[in-house]
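Sequence lines, in order, name chains A and B. According to the numbering used here, numbering within the first sequence proceeds without interruption in unit steps and concludes at 539. According to the numbering used here, numbering within the second sequence proceeds without interruption in unit steps and concludes at 587.
If you're looking for bench data, these hints aren't it; they were derived computationally from the structure. Please note: incorrect hints may appear among the correct ones.
[Stated by the list, open to error] Simulated coverage check for chain A against chain B, where a stretch passes if three residues somewhere in it have a Cβ under 8 Å from a Cβ of chain B:
{"#": "1", "segment": "202-216"}
{"#": "2", "segment": "222-232"}
{"#": "3", "segment": "388-396"}
{"#": "4", "segment": "401-414"}
{"#": "5", "segment": "452-459"}
{"#": "6", "segment": "479-486"}
{"#": "7", "segment": "509-522"}
Fair warning: this is a prediction, and the values are worked out from it, not measured in the lab. Beta carbons: idealized from backbone N, C-alpha and C, even for Gly.
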Amino acid sequence: MEDFRVCPATGLKVHKPAELLIKINAVTAIVFILIGGLMALLLALTKIPAIHLLPSDLFYRFLTLHGIAMLVAWIIFFEAAILYFTSAVLLNCRLAAVKVAWLAYGLMLGGALMAAVEILIGNADCMFTSYPPLQAHHLYYLGVILFAVGAILVCCVFFGTLAVAKHEKTYEGSLPLVTFGAAAAAIIAIVTLAHGAIIFVPTWLWALGVIQHIDAPAYRLIFWGFGHSSQQINVCAMVAVWYLIAAVTVGAKPVNQRVCRTAFVLYILFIDIASEHHILVDPGFSAAHKAWNTGYFMHLAVLASMIHALAVPSAIEIALRKKGHTQGYFEWLKKAPWGNPSFSAMVWSIAGFGFLGGITGVTFGTEQINIIAHNTWRITGHFHSTVVAGTTMSFMGLTYIVLPLIFRKEVAFPKLAKFQPHVFGVGIWTMAIFMMFSGSFGMPRRHWDITFSDAAFSIPFDQTAMMALHIFGVGAIIAVIGGGMFVLVSVATLLIGKDIK
Amino acid sequence: MAITSPERLWWKQPVCGQEKLWISIALVWCIFITAIMPYWHFFGKQNPSQEYYRVSPVKYGAIVDKFTAKHKVGEEAGIPVVDPPPGDIFIAGSQFVWHPILKLKSGRTYRLHLSSTDMVHGFSVYPMNMNFMAVPDMDYVLTIQPDKAGEFFIICNEFCGGGHHTMTGKIIVS
C-alpha cells in the first residue's frame with residue numbers, strides 16, 4: 039500500500055507512480071507549448087506586413103516547428119496525462135504497466151525531439167503535412183513514427199488500467215462519464231495512429247531510398263486519416279475535460295448520462311471518416327465518395343457535439359441554480375465562479391469550439407463551399423478556433439485543477455491566473471476571426487509574402503484583407519501574452535508554489 | 414457527478430422532454446445540411462470536377478510544353494503566353510511558377526487540365542477566390558466558362574518549397 043497516498047480533498051486513493059507520470063507528461067506538454075508559443079510570436083510578427091520579421095526560410099521552418107510542437111507535442115503529452123488521470127486517479131486504481139508508460143514517455147519525448155531538431159537544422163522544411171514528393175530527412179519521419187508508437191503505448195496502458203480497475207473492483211458499477219469520454223478518445227487515438235503508421239512508415243522508407251515512389255494522392259488521403267483524426271482525439275478529450283471541470287468547479291451533474299455516453303459513441307463511430315473533407319477539391323475521388331464520407335457521417339459526429347453543447351451548459355445551470363442562484367433566467371450565469379480560471383477557461387473553450395470552430399468547420403466541410411475556403415487562411419482561422427480556442431483552452435482550465443490536486447501546490451500568482459483565460463481568449467478569438475476574414479478574400483495559408491514582392495506578378499492584394507492582417511497581429515500578440523501568463527503561472531507554481539499538505 | 418461512477422441503472426433513466434426536443438432539432442438540422450451537398454451537386458452550377466486521369470509528372474510536362482509551343486503568342490515576365498481555341502487547355506504548376514499564361518474568351522467553354530510537374534501545389538484564382546489542388550500523378554480536368562473579362566491571378570496556396578510565396582500565374586479573359 040505504500041505506493042498510494044490518500045488525497046485529503048477528495049478522499050481518492052492516488053497511485054504514486056501514476057501521479058509521477060501525470061506530472062512528467064504535463065510538464066513536458068507545458069515545455070512544448072512554450073516552444074510553440076515562441077514560434078507563434080515570431081510567425082505573427084512576420085505575418086504583420088509592417089513588421090515582416092523573419093526571412094522566408096526561417097518562416098517556413100518555424101511554421102513547421104510550430105505545428106509539430108503545438109498540434110502534436112503539447113496536445114498529446116497533455117492527453118497522456120489526462121488518460122492516466124482519468125484511469126488511475128478517478129478509478130482509485132494502480133496504473134497498469136508503469137514501465138511501459140515510462141517507455142511510452144521516452145519514445146514520445148525522443149521522437150518529438152528528433153523531429154524538432156531535424157526541423158531546426160533545416161532538414162525538414164515540409165510543414166506538418168509533409169506532402170510527398172516534398173521530402174524531409176528520414177530522421178524526421180522516424181521521429182514522428184517513434185512519437186506515434188509512444189502514443190499508442192499510452193493508450194494501451196490506459197486500457198490496461200481500466201482492466202485492472204475492473205478486475206480489482208476499485209470502483210462500483212459503470213465507468214465515470216469522464217473516464218468513458220477519455221476511453222472514446224483513446225479508441226479514436228488508436229485508429230488515428232494506425233493511419234499514421236500506414237502512411238509514415240512507407241514515407242520513411244521512401245526517404246531512406248528503400249521505396250522509389252510515394253503516390254501523392256494516396257498519401258493525401260491516408261495522411262488526413264492521421265492528420266485530422268488526431269484533432270478528433272482532441273475534440274473527444276476536450277469534451278471529457280468539460281465534464282470534468284464542470285464537475286469539479288460547480289459540482290455539475292449531467293442530466294442524462296445515457297444521452298452523453300451515446301454522444302461519445304457517435305464520435306467513435308463517425309468522426310474519423312469526416313477527415314475526408316481535406317480532399318474535397320482534390321482529383322482522384324468521386325463526388326459520391328466525398329458526399330458520403332463528409333456529408334452523411336460527418337453530420338452524425340456533429341450531432342454528438344450538439345448533444346454535448348446542451349448537456350454541459352445545462353448541467354452547469356442546474357448545479358448553480360441548486361446553489362440558490364434562481365432569480366430570472368440568468369442569475370446563475372452572473373453568479374457563476376468567473377474568478378476561477380478553470381471555470382472561465384472552460385466557458386471560453388465551449389463557446390470558442392462551438393461558435394467559432396464548429397460552425398466554420400461544418401460549413402467548410404461542404405464540397406461546394408470548400409472551393410472558396412480550401413487552403414485559404416479561413417482554414418487556419420478555423421482550426422485555431424477548434425484546437426486553440428477549444429482544446430488548448432480546456433487543457434489550460436484543467437491545469438489549474440491538476441496543480442493543486444496532483445502537484446499539491448497552491449497556484450502561484452492567483453490574480454494573474456484569474457485573468458489568464460480572458461486574455462488568452464480575447465487574443466485567440468480576435469486572431470482566429472481575422473484569419474478567417476482575410477481568408478475569405480482568398481488570402482493563402484502558409485505564405486510568407488502576401489505583397490508578392492519577389493513573384494513574377496506582384497498581385498495587388500485586397501486592402502481590406504491587408505488591414506485585417508494588422509488586427510490579426512494584435513490578436514496574436516494578446517494570445518501570446520495570455521499563453522505566456524499560463525506558462526508563467528504553471529512554472530512558478532511548480533518552482534515557488536506553496537505546498538498543500 | 415461526471416467524475417464518479419453513475420447511479421445504478423443510469424441507462425434506464427428516461428430522456429427528458431427538453432433534451433428530446435433539442436436532439437430532434439439538431440438531428441433535423443444535421444439531415445438538412447447533409448442533404449445540401451447532393452442537392453447542390455445536382456441543381457447547383459459550381460461543383461468540384463469529377464473528371465481526372467492518371468498521368469506521370471514527366472508526361473504531363475511534355476503535354477504542356479507541346480501545347481505551349483503550338484499556341485504561343487508572346488511572353489510576359491519570362492512566362493509564355495498562349496491563346497488556344499476553346500476545348501482542351503493545359504496549365505502546370507512547377508516550382509515556382511504556373512505556366513503557361515492562358516488567354517481565354519469570355520462565354521466560351523474550356524476543359525482546363527490542371528496538374529503539377531513536381532510537388533503538390535494549390536491552384537487559387539484571385540480575386541475570384543476559387544481553389545483546387547494540383548497533385549502530381551493526377552490530371553484534374555475542370556470544365557470552365559469564363560463569364561467576366563479581365564486579368565485573373567493564380568496564387569499557389571499549398572506549401573511547395575522555399576520559393577512558394579513567389580509562385581504566381583495569370584489568366585487573361587477577353
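task = If any of the earlier hints don't hold here, list their numbers in rising order.
result = 2, 3, 5, 7
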